[in-house]
Each structure stands twice: as structure tokens, then as C-alpha cells.
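Each protein sequence line maps, in turn, to chains A and B.
Here this note's numbering is used: the first residue of the first sequence is 1, the next is one more, and so on.
Here this note's numbering is used: the first residue of the second sequence is 1, the next is one more, and so on.
Note that these hints are calculated values from the structure, not bench results.
Hints are not guaranteed to be accurate.
[Said to hold, decoys possible] Some chain B residues near chain A, calculated using beta-carbon distances under 7 Å:
id, residue
1, A192
2, R193
3, L197
4, A217
[Claimed, not checked] To give an idea of the interface, some chain B residues facing chain A are shown, with a C-beta separation under 7 Å as derived from the structure:
id, residue
5, L186
6, Q191
7, L206
8, G207
9, E233
10, H237
11, L252
[As the list claims (entries may be wrong)] These stretches of chain A come out as covered by chain B in the derived footprint (C-beta under 8 Å, 3 or more residues):
id, region
12, 14-26
13, 229-241
Every value quoted in this text rests on a predicted model; they were computed, and no experiment measured them.
All C-beta atoms, glycine included, are put in the ideal place defined by N, C-alpha and C.
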Amino acid sequence: MTDSIAKAAGAGTTFAGTVRETVARTVVGQEVVVERILIALLTGGHLLLEGVPGIAKTLLVQTVGRAIDLEFKRIQFTIDLLPSDVVGSEILDSATGSFRIHKGPIFTNLLLADEINRASPKVQSALLEGMQERKVSIGDTTHELPAPFLVIATQNPVEQAGTFELPEAQLDRFMMRHQLSYPTQEQETEVVRRGLELKLKRQGEGAVPMTAFDAIDDSSPFHVRDLTAAMESVLQVHVSDVFMRDCVELATLTRSHPDIELGCSPRAAISLVQASRARAFIHGRDYAIPEDFLALAEDVVLHRMRLTYEALAQGRRGEDVLAEILTALA
Amino acid sequence: MMMLQILVMLLAMPGSAEPLAEATRGITGTVTIELDRGMLRGRPDLDLDSPMLVRVASIRTGPDGRTSFDLEFIGTHPGLYDLRDVLVFADGTSIEELDPIPVQVFSHLGTDAASDLAMTGSPPSNLHGGYLFWLIVLAVLWLGIPIVLISRRLLHTPAVVVPPPPPPTLAQQLEPLVEAAANRNLSVPEQARLELLLYWHWQEQLGLEEPRPEAVARLRRHEDAGHLLRTIESWLHDPQASPPSKDDISTLLRPYREIPAGALS
Numbered sequence: 001m002t003d004s005i006a007k008a009a010g011a012g013t014t015f016a017g018t019v020r021e022t023v024a025r026t027v028v029g030q031e032v033v034v035e036r037i038l039i040a041l042l043t044g045g046h047l048l049l050e051g052v053p054g055i056a057k058t059l060l061v062q063t064v065g066r067a068i069d070l071e072f073k074r075i076q077f078t079i080d081l082l083p084s085d086v087v088g089s090e091i092l093d094s095a096t097g098s099f100r101i102h103k104g105p106i107f108t109n110l111l112l113a114d115e116i117n118r119a120s121p122k123v124q125s126a127l128l129e130g131m132q133e134r135k136v137s138i139g140d141t142t143h144e145l146p147a148p149f150l151v152i153a154t155q156n157p158v159e160q161a162g163t164f165e166l167p168e169a170q171l172d173r174f175m176m177r178h179q180l181s182y183p184t185q186e187q188e189t190e191v192v193r194r195g196l197e198l199k200l201k202r203q204g205e206g207a208v209p210m211t212a213f214d215a216i217d218d219s220s221p222f223h224v225r226d227l228t229a230a231m232e233s234v235l236q237v238h239v240s241d242v243f244m245r246d247c248v249e250l251a252t253l254t255r256s257h258p259d260i261e262l263g264c265s266p267r268a269a270i271s272l273v274q275a276s277r278a279r280a281f282i283h284g285r286d287y288a289i290p291e292d293f294l295a296l297a298e299d300v301v302l303h304r305m306r307l308t309y310e311a312l313a314q315g316r317r318g319e320d321v322l323a324e325i326l327t328a329l330a
Numbered sequence: 001m002m003m004l005q006i007l008v009m010l011l012a013m014p015g016s017a018e019p020l021a022e023a024t025r026g027i028t029g030t031v032t033i034e035l036d037r038g039m040l041r042g043r044p045d046l047d048l049d050s051p052m053l054v055r056v057a058s059i060r061t062g063p064d065g066r067t068s069f070d071l072e073f074i075g076t077h078p079g080l081y082d083l084r085d086v087l088v089f090a091d092g093t094s095i096e097e098l099d100p101i102p103v104q105v106f107s108h109l110g111t112d113a114a115s116d117l118a119m120t121g122s123p124p125s126n127l128h129g130g131y132l133f134w135l136i137v138l139a140v141l142w143l144g145i146p147i148v149l150i151s152r153r154l155l156h157t158p159a160v161v162v163p164p165p166p167p168p169t170l171a172q173q174l175e176p177l178v179e180a181a182a183n184r185n186l187s188v189p190e191q192a193r194l195e196l197l198l199y200w201h202w203q204e205q206l207g208l209e210e211p212r213p214e215a216v217a218r219l220r221r222h223e224d225a226g227h228l229l230r231t232i233e234s235w236l237h238d239p240q241a242s243p244p245s246k247d248d249i250s251t252l253l254r255p256y257r258e259i260p261a262g263a264l265s
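Work out the full structure, taking the sequences as your base and the hints as a guide.
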């Protein structure tokens, strides 16, 4: 290992470790999600989080953003949301009599699109276009989005009434989809214990109870330039031919499996390799190993494949089919 | 000249007299005759299929004592008819001694048109052989075909199904790759398969039940498996590591060249 690469690999461990420590001061558990968010940040991919309400998705994303000093915005997607509510619009300035640009919340570094499946397809499409092209059009002008730009969208897998399911082509835009689970009993106990420690937030003579958001550590151990340097280092992580063969073979096998109606696009193999590089960097390696793609396969592959009706009727799950495919890789 | 006179005489004979009345076939025609004596009626032995039917519509007696009969007739076939053939006296005796009563029945249709007024052919629905016959045939088929099919299925002895050969065991898959690795440079797919097979092998050997990613992470830290897997990783993935010699590889993989068949299923 050369000195520069060794230094970069060590920097990866430090970067990830420090962010994790910072997040852990506010959020209990969720180490895997923090790692997925870091992978998304380091690769410029976007992340879709699926989970029931109340498991600190917003708090987690906001904390990670604060740890790297990223500008953070959140949009609660609803049925009556308009594309202009996301990307912005031209408004008439009565003082000057001319139109001026009002930039929407998409102009940020870290955007949390909460319950993305509640907005109409037109709004989803406007957001996904920005995610893909990293620029949006307002009126006749095209505006570049800030760098870095990362969308973390959430979906509630339980309440499906009145929602617009993201089609496969749009799901493919997300590098990863991660399914959040409830915290363990010990973690939940710790969450409650921390809640007891929250005090009052005084405003003048009045006060409101503090929330976990008020307790987010304001200090940012890293800045955007640190993230950029980390992203540069990720690009130097070596990917062997053997590793690439594994990733491509995995994507290819999803297209011929009898239980899969729609297999993965080549974008899945690209995403798997990129995400694996970032994971190797986070784990202090300057080369990717099978553990990386095996750890990320579910998050990168499952939302890109659709099981056949017969397989679903037999109670097959995407996880089971993927496990078969992983076994068949050898 | 003599012959012409004879022909005129023949034409003037009563048998070829001018018809007293005409009617289109199927349409009622009327003719009136007078008799000095006796009453007329239609022949009772004729049925409705007769080519000529007649009825006595009315009878009148004149001041001179002669009786007038209004006769209505219906002919079903074109031609010249003598109503004497279809009439009798009221007492049933023949009226052959009376003068001929010629009537003409003609048709407006062409000579090649069907001339039967009544349908005489078989209706199209009248199946050849009879409706009942075909009904029985249908019933026999309806019952017979399922019985034959079910019987065949019940009596059918299943063919001997040769079970597909079992998929190669991990040992069977691993062995040629290990052999090849000791003797030559493996291709990229072979290297990939060798590495993953070693992972799966150790996962089975140690009975790790957790999902594959977690199992692989544990294997890398395992006392026995860890060294092998990390060495293979370094060989295949680390660009900075010096490539192992064939002897090194052969030594590393030697334990896997002598795995008894079935040990790793």
C-alpha cells in the first residue's frame, strides 16, 4: 500500500468514525443507516429510506448534515404539492415590476423528501429530474443545484392509501433503498432515557419543551471541503476484475431468474461497484472485497427488480430470491 | 286438304273445348253450370293432396226448373281439368254423362320454377337417420369420452422418471478450481468462483445461519477461515499485494484438494 493511499484509507476510517460518533450523540443506534447515508454522500448517489414513522429518520439525516456542515432542507410531500413548491418559481416583484426567481427547497446540499410517494407523479418527476441532471429549470432559466447535492427520500411501507407508488424507472434513480427497522429494546430504552434529560427551551419569559432536534450538536467536525476530499479518495479505491465480474454477474443473473419479471439495469452494477468503493473507504481499505457487495446487494438490487406474480403468490420475497442468486454466483 | 279438315274436327271435339273458367293455381276460380236434373257435390274420396278441389258454393233453381250450381275450384298444378272428374251426383253416382266442364289452371311462374305449393321435401332440421338416433349418439359420446379418458389415466402406469442429477456439491465444484489454481493461471471468472466457493464452504462448515453479508464478515475474522479468505482477497483484489506464486497457492489450497466427496453438500 503506498503512503498516499494508506493515508486516504486511514482518512476514510477517521471520517466515517467521527461522523458516526457525532451522530451517535444525538441518535441511538442506526449505525447501518448512517453508513448508507455516508456511502450516498461519498458517491453522489441518492438514498431511499423505507420505514414506519417515528424511527428518527428526519433527525438522523439532519444530524448527519450538521456533522458535515451541509445545508439541510426538508419537504413533506403531500398530494397537493406542486412542482414549483419543490424547484421554485418566478414571482412578480411589485417594487420593481419585474419577475424574480424564487428558488425552491431543492437548492440545498441535503434534501429530505419525506413520504415521497404521497406527492403526485408530476412532483416526483420534477424532483427526480433534478436528482438525475443536478439542475432544474425555472421559467426560461436553468439553474445548477449546489454541490454536493443528495436527496434522501422516505416512504412509509404500511399506509398505501392515497399514495403514488414510484415506478421502476424512477426507483432506479436511487442508488440504494434501505429498509429501516425498529430499534432494539436496549436502544429504545436509551432513547427514552435521553428524552428524560431534555430540558425546557426558554423564549423570553415563556418556554417550550426541548425536542431531540434542539439537542443536535451544533459543532461540525467536518466541512464540505472534507467531504470533497473524501469523495476524491473514494475514486482511488481499487476495484479488481474479479470484483467487477461478481457485480456484473449478479445484475445479469437477476435478468434470467425464473421468479423475476424485471431484472436489474446496468445502472445496478454501476451503483453496486460505486457503493462498494465507498464502503471499502469507510472500512479503511483501498480496495473492494466481496464483503462490500454482499453487504450492499440488498440495498442496491432489491428495489430494482420486480418479482413475477406467480412468485409473489407463492409467498416468495425479494430477499429469498437474491440469496439464491448470490449462491449461484459461485 | 282432307287432313286439315280432320284436324279442325278433332279440335272442335268436346275434350278439347275452351275452358269455361280460368284461375291461377292456388287461387279460387268460379264456374256456373246448369242441370236439368239432380244435385251435385264434390267427390268425397278426394283428399287435400288432390291436384283439383271443388266445392259447390251455391245452388239456385230457376223459373224454368233448371238448377244452377256455382262451383268454386282450386287447382294446385297448372293444366286443363274437367270438373266432372271431381264431382258426383248427390247420390254418389258418376256424372260422366254430363257435358264436360273444362277449367284452366295456369301458373305465372317459369317452367323451371318449383311448382309444388305444399312443401314436400324434408325440412333441413330433419336429420338423416332421425333426431332420436343422433341424440343417442351424442349422449354416448358425452358419457363415453370422459369415461375413456379417466380410465386411461387410472390405468396408465407412470413412466419411470429419471431424477435429474443432483447439483454438484461444493466439493465437486471446488476441486477442479483448486487443481487448476495449482497448475495454471485461473481466468477471472474462475478466480471469482473459487473465492466465493471458499466463502460458501466455510459458511457451511461453521454452520453460520445468519444472512450472507454478516456471515462473510464473521468469516473474515474467524481463526481458521480468516487467514485463507484474507489471503485470497489480497491475491485477487489488492493491487499493492505481491501476487502469490503457484507454490504458495498450491500450499494454501492443499486442504481443499482432498475433500471427500459429499463432505460439502
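Structure-based check of all given hints:
1. A192: 5 Å, holds
2. R193: Holds, because the Cβ-Cβ distance from R193 of chain B to chain A comes to roughly 5 Å (cut-off 7 Å).
3. L197: Holds, because the Cβ-Cβ distance from L197 of chain B to chain A comes to roughly 5 Å (cut-off 7 Å).
4. A217: At about 6 Å, which falls below the 7 Å cut-off, the nearest Cβ of chain A leaves the hint on A217 of chain B intact, so it holds.
5. L186: L186 of chain B check fails; min Cβ-Cβ to chain A is 10 Å, beyond 7 Å.
6. Q191: Given a least distance of 5 Å, the restraint on Q191 of chain B holds.
7. L206: 16 Å, violated
8. G207: With a closest approach of 16 Å, the G207 of chain B hint is violated.
9. E233: 5 Å, holds
10. H237: For H237 of chain B, the interface hint holds, since the closest Cβ of chain A sits about 4 Å away, which is under 7 Å.
11. L252: 16 Å, violated
12. 14-26: violated (count 0)
13. 229-241: holds (count 3)
The structure shown violates the earlier hints numbered 5, 7, 8, 11 and 12.
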